[in-house]
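Assemble chains B, C and D onto chain A, guided by the hints.
So you can see what is in the structure, the chains are spelled out below.
4 protein chains.
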Amino acid sequence: MTQAAEMLRTYPADLGNVNREALARCIEACFECAQTCTACADACLSEKSVAELVKCVRTNLDCADICATTGRVLSRHTGYDANLTRAILEGCAAACKTCGDECQGHASMHEHCRVCAEACRRCEQACRELINTLS
Amino acid sequence: MTQAAEMLRTYPADLGNVNREALARCIEACFECAQTCTACADACLSEKSVAELVKCVRTNLDCADICATTGRVLSRHTGYDANLTRAILEGCAAACKTCGDECQGHASMHEHCRVCAEACRRCEQACRELINTLS
Amino acid sequence: MTQAAEMLRTYPADLGNVNREALARCIEACFECAQTCTACADACLSEKSVAELVKCVRTNLDCADICATTGRVLSRHTGYDANLTRAILEGCAAACKTCGDECQGHASMHEHCRVCAEACRRCEQACRELINTLS
Amino acid sequence: MTQAAEMLRTYPADLGNVNREALARCIEACFECAQTCTACADACLSEKSVAELVKCVRTNLDCADICATTGRVLSRHTGYDANLTRAILEGCAAACKTCGDECQGHASMHEHCRVCAEACRRCEQACRELINTLS
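Chains as they are written, first to last, in UniProt numbering: chain A, 1 to 135; chain B, 1 to 135; chain C, 1 to 135; chain D, 1 to 135.
Okay, chain A solo, but in the shape it has when bound (with noise of 0.2 Å):
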């Protein structure tokens, strides 16, 4: 059992009728999305044609920030609201599928960003998984 999940299975009041699995599996992915997307911005400004990069970076910054802020939001559970976790998840996903179309561009030139487009690519699918599971 993941972190993340052992958190989940520990929280001392009801879940609702969250998948506890689709949820598990979207927490991770923003964490790692997020933790990638920082390295890559970084991996990006030490390449030589970083000033081809640079909508790279930014977009990579907002990935980042953005996957941060959406793995908090679902480390949440008390006082619930499907809404607001409905909106976040969708601007969860739009980021990361920014993001993976501009990293995927640049996959066959560098390692960091194929490794980061599929990061992307995950959490974007975890997010979408999620927001299906929600009533």
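Mixed in with the good hints, there may be bad ones.
[As the list claims (entries may be wrong)] Here are the computed lysine-lysine pairs in the BS3-like style, where the Cα-Cα straight-line distance is at most 25 Å: (1) D:Lys55 / A:Lys97; (2) B:Lys55 / B:Lys97; (3) A:Lys48 / D:Lys48; (4) D:Lys97 / A:Lys55; (5) D:Lys97 / A:Lys97.
The set of hints was computed from the structure by calculation and includes no laboratory data.
Okay, now just chains B, C and D, sitting in the frame of chain A:
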């Protein structure tokens, strides 16, 4: 001129046809609301009636995180993406509406909730005004 | 290989004589502890005895913020500054020690505090091990 | 009265013998510096000479994260811990010194770096003044 407006003025590339006044106001409102909601969550923790304020704490924490991320995204202009900007502004306006309503409900009892509700209203308004200027 | 280690592997410039294993472990521990502390603060809010847990909530919130920032700083290698890295690692170890002690005090009553105390210990340990490798 | 001072005024419990003016000034300086450094990192990305500014971008990103976290920690008073407060203020002053020096080096070429260097100096100063008031 505020610090946020000063940073807009010194941005070295074209800002496009953004409404600078609306953008600067929204950046400032996001950072101010992030601080206020962080402080209001903590003030609620120190109330004797904390058990009745747990939903308020949670809503404050979400709103603080979302406003902080929105303020950062709006502070970046390189590789601007109108769709992502709109999505994050909609999410921020929703979080501020939720938190402003929650705090307003305790405003007559707790002055920090009254002050926080006003900051949430200002930030929600600033987000909506900026959304209206986006082409 | 974990995602953080994969991003270290694909960094395009020289990482210097950093201990990659210690660095990857610390990055992972910081992100994990940030998630766990965020969730533990929220779990405390849902306990009937929340009034006795307000210091624990506050300590969790501080530790979550400090671990998140430390995880980001450690994910960047461009323009590396050993003094700043050491300062932030010392602060993070102190926050994890404080939060681990606080959560340990409720570990027999609240399982989320037990799980969180362990995450804090792991992160404190990972910070101290990384500090010891810094030249 | 600023918003941060207003939140200090409405805090419902005892603030101890903290210097409220120094605390409010430091909170405001941290949030302002976090915004300015985020904007300066982005402005550097849009400079033609971005390849010469990558260390500045990195330093700005670290300083933004550390100031944001410090501003949040200082906005909380429940369960106050002087040692943790001092540790985080020392780390923040160090980050502001590093970033202020880096930006100062480009201040004659890039006005955003000049404005950012001043924000870093103010925040470093506010941190040191607050440290001096801690008993």
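So, going through the hints one by one against the coordinates:
About 28 Å separates the Cα atoms of Lys55 (chain D) and Lys97 (chain A), which puts this hinted pair outside 25 Å; it is violated. Taking the CA atoms of Lys55 (chain B) and Lys97 (chain B), the gap is near 14 Å; set against the 25 Å cutoff, the hint holds. Between the alpha carbons of Lys48 (chain A) and Lys48 (chain D) the distance comes to roughly 14 Å, so the proposed pair stays at or under 25 Å and holds. With a CA separation close to 28 Å, the supplied pair Lys97 (chain D) and Lys55 (chain A) exceeds the 25 Å bound.
The suggested pairing of Lys97 (chain D) with Lys97 (chain A) is violated, with an alpha-carbon distance near 37 Å, which exceeds 25 Å.
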